[in-house]
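Q: Chains as they are written, first to last, in our numbering: chain A, 161 to 273; chain B, 4 to 116.
Hint data in this document are derived by calculation from the structure and do not stem from the laboratory.
Glycine included, every Cβ here is placed at the ideal spot set by N, Cα and C.
Worth double-checking, as some hints may not be accurate.
Footprint (simulated), chain A over chain B, 3 or more residues, beta carbon under 8 Å [what the hints assert, rightly or not]:
(1) 38-46
(2) 75-81
Label pairs and their calculated CB-CB ranges [as the list claims (entries may be wrong)]:
(3) B:Pro42 / A:Ser240: 27 to 35 Å
(4) B:Asp33 / A:Gly213: 21 to 29 Å
(5) A:Ser174 / B:Glu72: 36 to 44 Å
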Amino acid sequence: AQSVTQPDIHITVSEGASLELRCNYSYGATPYLFWYVQSPGQGLQLLLKYFSGDTLVQGIKGFEAEFKRSQSSFNLRKPSVHWSDAAEYFCVTYSGGYQKVTFGIGTKLQVIP
Amino acid sequence: DGGITQSPKYLFRKEGQNVTLSCEQNLNHDAMYWYRQDPGQGLRLIYYSQIVNDFQKGDIAEGYSVSREKKESFPLTVTSAQKNPTAFYLCASTRSGGAHEQYFGPGTRLTVT
Chain A
161 AQSVTQPDIH ITVSEGASLE LRCNYSYGAT PYLFWYVQSP GQGLQLLLKY FSGDTLVQGI
221 KGFEAEFKRS QSSFNLRKPS VHWSDAAEYF CVTYSGGYQK VTFGIGTKLQ VIP
Chain B
4 DGGITQSPKY LFRKEGQNVT LSCEQNLNHD AMYWYRQDPG QGLRLIYYSQ IVNDFQKGDI
64 AEGYSVSREK KESFPLTVTS AQKNPTAFYL CASTRSGGAH EQYFGPGTRL TVT
């Protein structure tokens, strides 16, 4: 069965610092990979997605993610964090079929001045 | 603007009462989903529907029921059989086919006392 691991439940960074949120997946083939962001009490918004091709994908709000097949990882990065980036981030995989969407447990990002 | 609406934003019920959460989309998407979100557990799939008049159980369907009489609407009923109904409920939709990018509603927070 496929799985998604977000090893960091909570991360705190200073405003202006760089950010990397980790995501590892377990699946025989390359799944489709997504990062979503959720502000408190809100729905989820898609940040970026990877299907195939260039392993470095750009998303909205200045985020990017890199797919590394050898490490089964899809880490999310941002060079300079803004206070408005404080939210919860979910790594998600899709491997075919309507029930094959798997969410990571989420990483809650706190941004300090 | 196209999107998904969920109502109400907050819902309070007494234990033993059934309650129905609304989900409407005007994105012309075929597939719709209901997720439950609890702190530290990510999102768990309750039910999904690929087409009108058809729906399938997800991972945690016990104590819930749904209907899909119209393409735009996918209401979720939380029955008195659901042992721990207090949670944040998210509705989502996707285009048919494709790689399963999900569009989420703003969520409904249900509190049962």
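Q: Against the range 36 to 44 Å, how does the distance between the Cβ atoms of Ser174 of chain A and Glu72 of chain B compare: consistent or not?
A: Distance hint for Ser174 of chain A, Glu72 of chain B is violated at roughly 51 Å.
Q: Take the stretch 75-81 of chain B, compare each residue's beta carbon with every beta carbon of chain A, and decide whether three or more fall closer than 8 Å.
A: violated (count 0)
Q: Between Asp33 of chain B and Gly213 of chain A, does the C-beta distance stay in 21 to 29 Å?
A: With Cβ atoms ~26 Å apart, the hint holds.
Q: In this structure, is the beta-carbon distance linking Pro42 of chain B and Ser240 of chain A contained in 27 to 35 Å?
A: holds, 29 Å
Q: Three residues or more, CB to CB closer than 8 Å: is that satisfied between the stretch 38-46 of chain B and chain A?
A: Holds: 4 residues of the stretch 38-46 of chain B have a Cβ under 8 Å from chain A.
In this structure, the hints that do not hold are numbers 2, 5, in rising order.
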